[in-house]
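There are 2 protein chains.
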Amino acid sequence: MPKVTQGHLDARRQQIVDAARVRFASHGFARTSMADLVAASGLSTGAIYRDFSSKDEIVTAICEQSSGEVFPTELTAESVHGMLERIRSRAREHDHARLVAQIYAEAALAPPLAAIVDRQFAELRSTVASLLCDRTDDDAARIAEGFVAVCVGYSQQLAVRGDLDPSPFATALMAILEH
Amino acid sequence: MPKVTQGHLDARRQQIVDAARVRFASHGFARTSMADLVAASGLSTGAIYRDFSSKDEIVTAICEQSSGEVFPTELTAESVHGMLERIRSRAREHDHARLVAQIYAEAALAPPLAAIVDRQFAELRSTVASLLCDRTDDDAARIAEGFVAVCVGYSQQLAVRGDLDPSPFATALMAILEH
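Keeping their order, the protein sequence lines are chains A and B.
Sequential numbering from 4 applies to the first sequence in this note's numbering.
Sequential numbering from 4 applies to the second sequence in this note's numbering.
Derived from the structure by calculation, the hints contain no laboratory data.
Here the structure is a predicted model, which means the values were calculated and not measured.
The hints are all genuine.
Taking CB as the label site, the calculated pair distances span:
hint, chain 1, residue 1, chain 2, residue 2, range
1, A, Gly-165, B, Ser-29, 25 to 35 Å
2, A, Ala-118, B, Cys-136, 41 to 51 Å
3, B, Ser-170, A, Thr-8, 51 to 61 Å
4, A, Glu-60, B, Ser-29, 17 to 27 Å
Think of the CB as a built atom: it goes at the ideal place given N, C-alpha and C, for glycine as much as any other residue.
Based on the sequences and whatever the hints tell you, model everything.
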């Protein structure tokens, strides 16, 4: 067998994940087969099945890669607005909001995927709570719930309504943080 | 032909819509065929096609019926908490949050459905804004955006995470209203 470098393997895996994101965002999961993903990735069936035994495994890889990319690093008005602008950019440039809508809908039907998405919500809540050093743990947890709800509500509406100015959502986040 | 009363026609139509809600919430749209809806409703194929020419028309009927049911009538802490409790009850008793997740995902892919969902978001924003009499129109519109985002974020998380105490979300809504 020819030697295959780790870099080559990683690149191939990424090629599959990237093709799957595009396809899931435009068609949803149920209307996408492994054969569609083979066609979309430009790789062979064998190449895909070496990395992923099922569509569910590709969805899991997509979810795991998405995590943390837009998390805030501080909770100033500027930083919060910047976070929403990153969510907006990913929606416009990578169709990410439509992909996320498909992921939530599938997670609502599939407990293993729900567990992954649930963990991501918890990670974002925990990131937000950790930045609220002057609050009690209970207050920080409560505020983080509201914070994540606005982010989810913004992203879902980008998927359905199309591009939206993040300003009113940023103001809502600051209201929740400052309450 | 035998005489059929309007009441009977309405009841049959409702029987189809109710069966479709259950099926869509548990399987999503793409995995549900008109044949599945015939089986789930207990009616004949002919009976269903007399009322609805396609799955999309049934989805539209579901969306149109859902509108307004949980809208707030005033914006006190008690009323806002009550609204979230109604969203929670509908999720627990009628699997409504999972259904809504399927509707958003489908709306993200299908512009005619997106237009219906978009109109429902606008109606809720407009209801909220109309209750903010002491605010300027711009402020009321901005607050209403944040308000709807929390409701959407709460509902989506009920679909993915399961039952959730509405209290932190109610506090977030009050923070947005009072900011």
